[in-house]
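Add chain Z to chain F, keeping to what the hints say.
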Amino acid sequence: MLSFTLNGEKTTFDGDPDTPLLWVIRDANHLTGTKYGCGIAQCGACTVHVNGMSKRACVTPISTCEGSQITTIESVDGREAKAVQAAWKSLDVPQCGYCQSGQIMSAVALLKQKPSPSDEDIDNAMDGNICRCATYQRIRKAIHDAAKEMEASA
Amino acid sequence: MNDAHVADVSRRHFMQGTGLIIGLTILPKTAAASVTQGNPQGVEGVSQSMNAFVRVAPDNQVTVLSKHLEMGQGPYTGLTQLVAEELDADWEKMHVEASPVDDEVYKNFALGMQLTGGSTSIANSYEQFRKAGATAKAMLVMAAAARWGVPQNTLTVSKGVISHKASGKSANFGELAEDAAAFSPPQNVSLKSRDQFTIIGTHKQRLDTPAKTNGSAVFTMDVIADEMLYAVVAHPPKFGASVDSVVDKDALKVAGVTMVKAIPQGVAVYATSTYAALKGRDKLSVTWSESKAETRSSKQIENDFRQAMSSGGFEASATGDVEAALAKQNVTVVEQEYVFPFLAHAPMEPLDAVLLKNKEGGIECYAGAQFPGSDADAIAKVCGVNREQVTVHVQLAGGSFGRRAQFGSPYMTEAAEVFKASGMDRPVKHIMTREDDIKGGFYRPLTIHKLKAALDSEGNIVAWDQHVACQSLMGKQDELDETSVEGAREVPYQFKHHRCMSYNTSSKVPVLWWRSVGHTHTGYTVETFIDELLEKGGKDPIEGRLALMQPDSRDAGVLRTVAKMADEAGPVASNAARGVAVHKSFSTYVAQIAEVTRNQNGEPKVTRVWVAVDCGVAVNPNHIKAQMEGGVGFGVGAILYDEVVLSEGGTVEQSNFHDYRSLRMSEMPHVEVTVIQSDASPTGVGEPGVPPIGPAVANAWRRLTGESTYRLPMVKAAQA
Chain F
739 MLSFTLNGEK TTFDGDPDTP LLWVIRDANH LTGTKYGCGI AQCGACTVHV
789 NGMSKRACVT PISTCEGSQI TTIESVDGRE AKAVQAAWKS LDVPQCGYCQ
839 SGQIMSAVAL LKQKPSPSDE DIDNAMDGNI CRCATYQRIR KAIHDAAKEM
889 EASA
Chain Z
4 MNDAHVADVS RRHFMQGTGL IIGLTILPKT AAASVTQGNP QGVEGVSQSM
54 NAFVRVAPDN QVTVLSKHLE MGQGPYTGLT QLVAEELDAD WEKMHVEASP
104 VDDEVYKNFA LGMQLTGGST SIANSYEQFR KAGATAKAML VMAAAARWGV
154 PQNTLTVSKG VISHKASGKS ANFGELAEDA AAFSPPQNVS LKSRDQFTII
204 GTHKQRLDTP AKTNGSAVFT MDVIADEMLY AVVAHPPKFG ASVDSVVDKD
254 ALKVAGVTMV KAIPQGVAVY ATSTYAALKG RDKLSVTWSE SKAETRSSKQ
304 IENDFRQAMS SGGFEASATG DVEAALAKQN VTVVEQEYVF PFLAHAPMEP
354 LDAVLLKNKE GGIECYAGAQ FPGSDADAIA KVCGVNREQV TVHVQLAGGS
404 FGRRAQFGSP YMTEAAEVFK ASGMDRPVKH IMTREDDIKG GFYRPLTIHK
454 LKAALDSEGN IVAWDQHVAC QSLMGKQDEL DETSVEGARE VPYQFKHHRC
504 MSYNTSSKVP VLWWRSVGHT HTGYTVETFI DELLEKGGKD PIEGRLALMQ
554 PDSRDAGVLR TVAKMADEAG PVASNAARGV AVHKSFSTYV AQIAEVTRNQ
604 NGEPKVTRVW VAVDCGVAVN PNHIKAQMEG GVGFGVGAIL YDEVVLSEGG
654 TVEQSNFHDY RSLRMSEMPH VEVTVIQSDA SPTGVGEPGV PPIGPAVANA
704 WRRLTGESTY RLPMVKAAQA
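Listed in order, the protein sequences are those of chains F and Z.
With my numbering applied, the first sequence has no gaps in its numbers, which climb one by one up to 892 at the end.
With my numbering applied, the second sequence has no gaps in its numbers, which climb one by one up to 723 at the end.
Next up, chain F with everything else stripped away, as it sits in the complex (with noise of 0.2 Å):
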């Protein structure tokens, strides 16, 4: 039985222990924003928070997790979050969605090591998260957005 902390709630796990994260919290808690895209960390879509860090949830067994507080889409909060999710409604970065809970988890994680990033530190950060409609130029404008916003606001 393994033990974890899932979107601030003490979460078990009896099944397979090779089990990936992402089918972990989809399958087993229902969390469904957390999303399938490859199941071999090329794509980004199943981008979690494991104790803070960015992490691929589709290559992440549920055995390294004993202990670790997991935050998914559903959950992330502060002001990284918040100031992230605003510029993405405000410049209506979506069409169709599918990757962009994968996008918003790499782009709070990004702005959590570096509040003010610049193009480059963008491209280092976001080129593990693939979007097929190619909303890149948008997600490169949120981000730089939600950072000046938390400037503004600090």
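None of these hints come from the bench; they were simulated from the model.
Quick caveat: nothing in here was measured; it's all calculated off a predicted structure.
Ideal Cβ placement from N, Cα and C applies to all residues, glycine included.
There could be a bad hint or two in this list.
[Unchecked claim] To give an idea of the chain Z side of the interface with chain F (calculated C-beta under 7 Å), a few residues:
| id | residue |
| --- | --- |
| 1 | T212 |
| 2 | T216 |
| 3 | G218 |
| 4 | P350 |
| 5 | M351 |
| 6 | G401 |
| 7 | G402 |
| 8 | R437 |
| 9 | F637 |
| 10 | F660 |
| 11 | S669 |
| 12 | E675 |
| 13 | V678 |
| 14 | I679 |
| 15 | S681 |
| 16 | A683 |
This is chain Z only, laid out in the frame that chain F set:
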């Protein structure tokens, strides 16, 4: 077995954050197995239907029923703007959901059935959805007039409130909805003129944006039903192969795997979790019968297609006498062959469906369906129920790019076979993995173009002869498939002698339209070939094109606009070059200029793109810009990196995003878009942003490096 797996529904998960409230309280929970998360359709609840497209709830919320699938291209918001405009509604009270499935009531007028595709959603609905709004408004006005005993023409409507100035009476739509629904809809309603619009033509935030920024938007992948099984299918490694024998012993040992069943499409593994199903599939040992399989490699298929161009063919268009003009002594003849690879669509959400039996013995399906009526037909046929017993609940789709639009519904046929083979006792969610998606066929066809042109002594193009060999998307053998040559049979340039020939080729690789269909290859050949011819003839790429166009044409309009945009952006960056292309598709005109440099590996890097688009009345200019930005990014990724290759023996080499590359953040150019002001009827924008980017990039690359690209993708071509 328990057969009472009822599709009772809860809307609490639908569009959380958008404030949708209609139908919150309906349908009691009556059975053990039910859909606990999904977007069910046809639940009216306490709201009143004004017509097939508009519902008004007592609390003044208005819901538009979209006959078109929302897969990112924006119809949910655009169609709602059309209704809200004529309804004089309060935009803040507007909501949207998928309409029920009905190939008559919810027909796409451009295509004859309920269908989302061909960049037609706004174009075919422009009058219908405005009329739906106007009709609903008329009924609400009738209700107010009757209630207050005043003439209708003394009432005014604004932002969802109907007022009678003389008496000071007013009521909102919600208060009048029940009365209004009792009136017969008027047959004739007048629509606003363009100068009266206050909602059409403005930027309204996408209605699906809030839910798509907090994880609450529900796609098919996210539908949950009680006791649901998860299923994946092991597919044959070659197209046309079938199951010979299966050893499922090890698969069945995987904890959570409940069944393994052979179906016509492969071998289905069912489990109580996705991971168990995937692990079980890995443990299968399947022997495939390849006697009917496609065993040719892409290279062999290409050679066979080339061979097919040596005779026959359909004359798609002809002006003048091309052969005679090319045979003249005093002309310079330029010839070129182009080869385009198979391309996968790779939508972020791979194909998936949830099927379950309801308490009446009917079948409910949740899917992001572009052809929902056709999908329902397929389910009825496979599962042996009457068509009327099948309900398709159309879900938000995580992209498509054409992949979810299939005549005959082969994907839904597979999902239905999976459900049927399970015994249909429990709900089943069938998903394709990314590997199933990339290896699964339904590709943009491998295509060969041969072009030949004659230049006179002054460098003028006097003859243009284009031959296209392409597997017919419509399955045609003995007649012309227009989708093979759209964008090449009619060009914006006035050539004295012009011909376009089409050759239907065949393979067992299933093919499908891919965002902008035939234009994906015709736009490339026409616009790169003319660019080279203009250069050979000593002509400017913009002025040379304009000289061949009707001066007042919309093609010329977007070309002039984009040239001005690029000029105003300043000089070309050092170590970079610009290329231009203009192409009309789906009745929308788009011109693009791309600035391209070399990255550190010597490969093309697209840094900036200017876009001018003329799509008639711009219902939501910001969303049109978004579609152009996305079309550019989608096209740049494909043109630079993408191909699906069949290796020796016919197996697909690529499998996932590591070897079927998608454009990434660092590779996305900065895109600027100008939407041309127009009074023409609106046309689509989902696809038309794609065709010009490939040739614009290739033209820039040629001007930068002197290297032409005749075989895509470019990066592989550049390395060769």
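Identify every previously stated hint that the structure contradicts and give their numbers, smallest first.
Hints 12, 13, 14, 15, 16 are the ones this structure does not satisfy, whereas the remaining hints hold.
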